[in-house]
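Since the structure of chain A is already known, use the hints to place chain B on it.
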Amino acid sequence: MIPALFVLAYLGIVLYIGIFAFRRSSGQSEDFFLAGRSLGPWVFLLSLFGSHMTAFAILGSSGHAFNFGIVTYGLMASSSALVVPLCLLFLGTRLWSVGKRFGLITPVQIFRDRWECGHIGTLIFFLQAALLVPYIIIGVMGGGTTLSVISGGFIPFWLGGLIVALVVMSYVFFGGMRGTAWVNTFQTVLFLCFGAIAVTLISQGMGGFTAVTERLLNNPNTASLLTREKFSLTTFLGYTFNPLSAIAFPHIAIFCLTARKVTQFKRTVIFYPICLLLIWLPCVYLGVAANQATDIPAIEAKLEAKAATGRPVPGDDVMLQLLGRYAPVWVAGLLGAGIMAAVMASDSQILALSTMFTEDIFAFYGGKDKFGEKAQIATGRLFVVLVTAFAYFTALNAKVAIFDLAVQYAFAGYAAMAPLFVAALCWRGSTKWGALASTLFIAASTIALYLLPRGFTIAGFAPVVPMTLISAALVWGVSLLTPKPSATTINRYFPESSV
Amino acid sequence: MKPALVVLTIAVVYILHQDWWNWTAAHPLAFGFLPIGLWYHALYTIAAAFLMVALVRWCWPTGLERDE
Chain A
1 MIPALFVLAY LGIVLYIGIF AFRRSSGQSE DFFLAGRSLG PWVFLLSLFG
51 SHMTAFAILG SSGHAFNFGI VTYGLMASSS ALVVPLCLLF LGTRLWSVGK
101 RFGLITPVQI FRDRWECGHI GTLIFFLQAA LLVPYIIIGV MGGGTTLSVI
151 SGGFIPFWLG GLIVALVVMS YVFFGGMRGT AWVNTFQTVL FLCFGAIAVT
201 LISQGMGGFT AVTERLLNNP NTASLLTREK FSLTTFLGYT FNPLSAIAFP
251 HIAIFCLTAR KVTQFKRTVI FYPICLLLIW LPCVYLGVAA NQATDIPAIE
301 AKLEAKAATG RPVPGDDVML QLLGRYAPVW VAGLLGAGIM AAVMASDSQI
351 LALSTMFTED IFAFYGGKDK FGEKAQIATG RLFVVLVTAF AYFTALNAKV
401 AIFDLAVQYA FAGYAAMAPL FVAALCWRGS TKWGALASTL FIAASTIALY
451 LLPRGFTIAG FAPVVPMTLI SAALVWGVSL LTPKPSATTI NRYFPESSV
Chain B
1 MKPALVVLTI AVVYILHQDW WNWTAAHPLA FGFLPIGLWY HALYTIAAAF
51 LMVALVRWCW PTGLERDE
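Quick note, the sequences are listed as chains A and B, same order.
Counting from 1, one number per residue, gives the positions in the first sequence under our numbering.
Counting from 1, one number per residue, gives the positions in the second sequence under our numbering.
No lab work stands behind these hints: they were computed from the structure.
Think of the CB as a built atom: it goes at the ideal place given N, C-alpha and C, for glycine as much as any other residue.
Treat the hints with caution; some may be incorrect.
With a straight-line Cα cutoff of 30 Å, these simulated DSS-like cross-link-like pairs (lysine-lysine) come out [said to hold, decoys possible]: (1) A:Lys374 x A:Lys261; (2) A:Lys374 x A:Lys100; (3) B:Lys2 x A:Lys100; (4) A:Lys261 x B:Lys2.
If we take Cβ atoms under 7 Å as the criterion, some of the chain B residues that face chain A in the derived model are [claimed, not checked]: (5) Pro3; (6) Trp39; (7) His41; (8) Ala42.
Taking CB as the label site, the calculated pair distances span [what the hints assert, rightly or not]: (9) B:Trp58 x A:Ile458: 36 to 42 Å; (10) B:Ala47 x A:Gly429: 21 to 27 Å; (11) B:Ala47 x A:Pro314: 49 to 55 Å; (12) B:Val7 x A:Phe102: 25 to 31 Å; (13) B:Gly63 x A:Pro220: 44 to 50 Å; (14) B:Gln18 x A:Ala375: 34 to 40 Å.
For reference, chain A alone in the conformation it holds in the complex:
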């Protein structure tokens, strides 16, 4: 129970940070939704990274590694180390530039302005919103799991999820983007500091790194977890498409607009891979090592179930089980708070959804002109409450593992949206009709994903591969055949090659 008290104290601190940020706010919508485009270089790096790393990165990765071994790191972390910084460098900087130049706050606003469209933008809003909700649910599920396991079951899953949902909702409600960015910075520092301590302490508790690896290698049931022989090369290749989702995630795209200067992207682009390494390597190693933690009853039960069925078992809590067993109580508390830090990245997603609703729907359809800027912010806050409540009640009934939920819907859908950003920001010839064709295809294929059996592949590739390629082909092909936006608009977006 003592580690849970640490986590609750931590939740109190982040709540205070949110309220402190509220006192600094100017009351204007750009200040609430984008922190007045004023984030400095380190806050920008750490908060953007923190908002990208979620329960998926901490609990989902160790759970996946528990079942599938070291392949987890290559599947998501090292591929992201290449693809995500490239997206930030070549697309994020351009998002920042057009956002700053034209006073735009959301990706849909940029699409509407760039392609001179209205309702197509609304369609893109609905698709982005629908794809973001599973990701928010992941955060609530992770919060519930963390508090439940770390308190030894004293705090049930439903109450843990409720506490986390309320805390996140409160500091997003009051602090807006500034509160979210500060909390994310604090959270990222916390986890980066304690990740290495966690892996060291837990491994020492299990007899040391070398002993753990030797035991895994000597056990025929676990030796394959230290190789990738049970995973196909095509699947591994296909996963490199998933990180393309980063730039299309609304919370990441909107975060790109918060930097004070475009040069602040330099530090983020360079240090992003290092931050990934510091978080993912300990999580994956500990997830694999958990297969030797037979002295923990909950893990022993999982291993028996895995051996009996030959199928993956729910493993989102293995990291927390290791923590509770092998780390000293005070360290477990601090590390639990660190894990909670990553789990609570749903804050920026909730804020992004709220920002999109108030800007892309409320303001676009006349609400801001009719009711004023204060009403717009109030609408944003009301939306924060509604989204959090919806995510909480859905999380209570979600049966899918965190990793699967993220990969199946959010990653595939957003990765397929990446070509829209490339077309809008880098290609003069793109049109709203190309964007519409791509958006309709992504919506249809995401619904198909929901209906098809889990693990469905095409020629050995995960659905994200054909979805992304077809989406790109549609933007390109349909744009070639349809009329372009006006020359004035094109020249505004591509002044260096004006005609």
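Relative to chain A, chain B alone:
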């Protein structure tokens, strides 16, 4: 830096992610405990950071500073 060279460099680094030669091997163990497949990708992550240093140095999108 010429665009073709940039694309080629990124493509080579992307291909290096598919380390099929380490696929079924756990040995050698880096530092006595880290399987080669995991060690390779940890190093790959660091290499990606160095690639970003080079890209920021030589491929920084020009003209965007005007909006600062």
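Here is what the structure says about each hint:
Only pairs whose Cα atoms come within 30 Å are accepted, and Lys374 (chain A) paired with Lys261 (chain A) is accepted, the gap being roughly 28 Å. Pair hint Lys374 (chain A) plus Lys100 (chain A) holds up; C-alpha atoms about 22 Å apart against a cutoff of 30 Å. A threshold of 30 Å between alpha carbons decides the hint, and for Lys2 (chain B) with Lys100 (chain A) the separation of about 28 Å falls inside it, so the pair holds. At roughly 26 Å between alpha-carbon atoms, Lys261 (chain A) and Lys2 (chain B) fall within 30 Å of each other, so this suggested pair holds.
For the restraint placing Pro3 (chain B) at the interface with chain A, the shortest Cβ-Cβ distance is roughly 11 Å, beyond the 7 Å limit, so the hint is violated. Contact between Trp39 (chain B) and chain A, as hinted, is not supported at the beta carbon level, the nearest pair being about 9 Å apart and thus beyond 7 Å. Interface hint at His41 (chain B): satisfied, since its Cβ lies 4 Å from the closest Cβ of chain A, which is below the 7 Å cut-off. Because the beta carbon of Ala42 (chain B) sits about 6 Å from the nearest beta carbon in chain A, less than 7 Å, this interface hint is met.
For the pair Trp58 (chain B) and Ile458 (chain A), the beta carbons lie near 38 Å from each other, so the given range of 36 to 42 Å is met. Between Ala47 (chain B) and Gly429 (chain A) the CB atoms are about 35 Å apart, so this pair departs from the stated range of 21 to 27 Å. Take Ala47 (chain B) and Pro314 (chain A): their Cβ atoms lie about 34 Å apart, and the range 49 to 55 Å is violated. In this structure the supplied range 25 to 31 Å holds for Val7 (chain B) paired with Phe102 (chain A), their Cβ-Cβ distance being about 29 Å.
Checking the proposed 44 to 50 Å range against Gly63 (chain B) and Pro220 (chain A) shows it is violated: the Cβ atoms sit about 60 Å from each other. In this structure the hint that Gln18 (chain B) and Ala375 (chain A) lie 34 to 40 Å apart at CB is violated, the actual value being about 53 Å.
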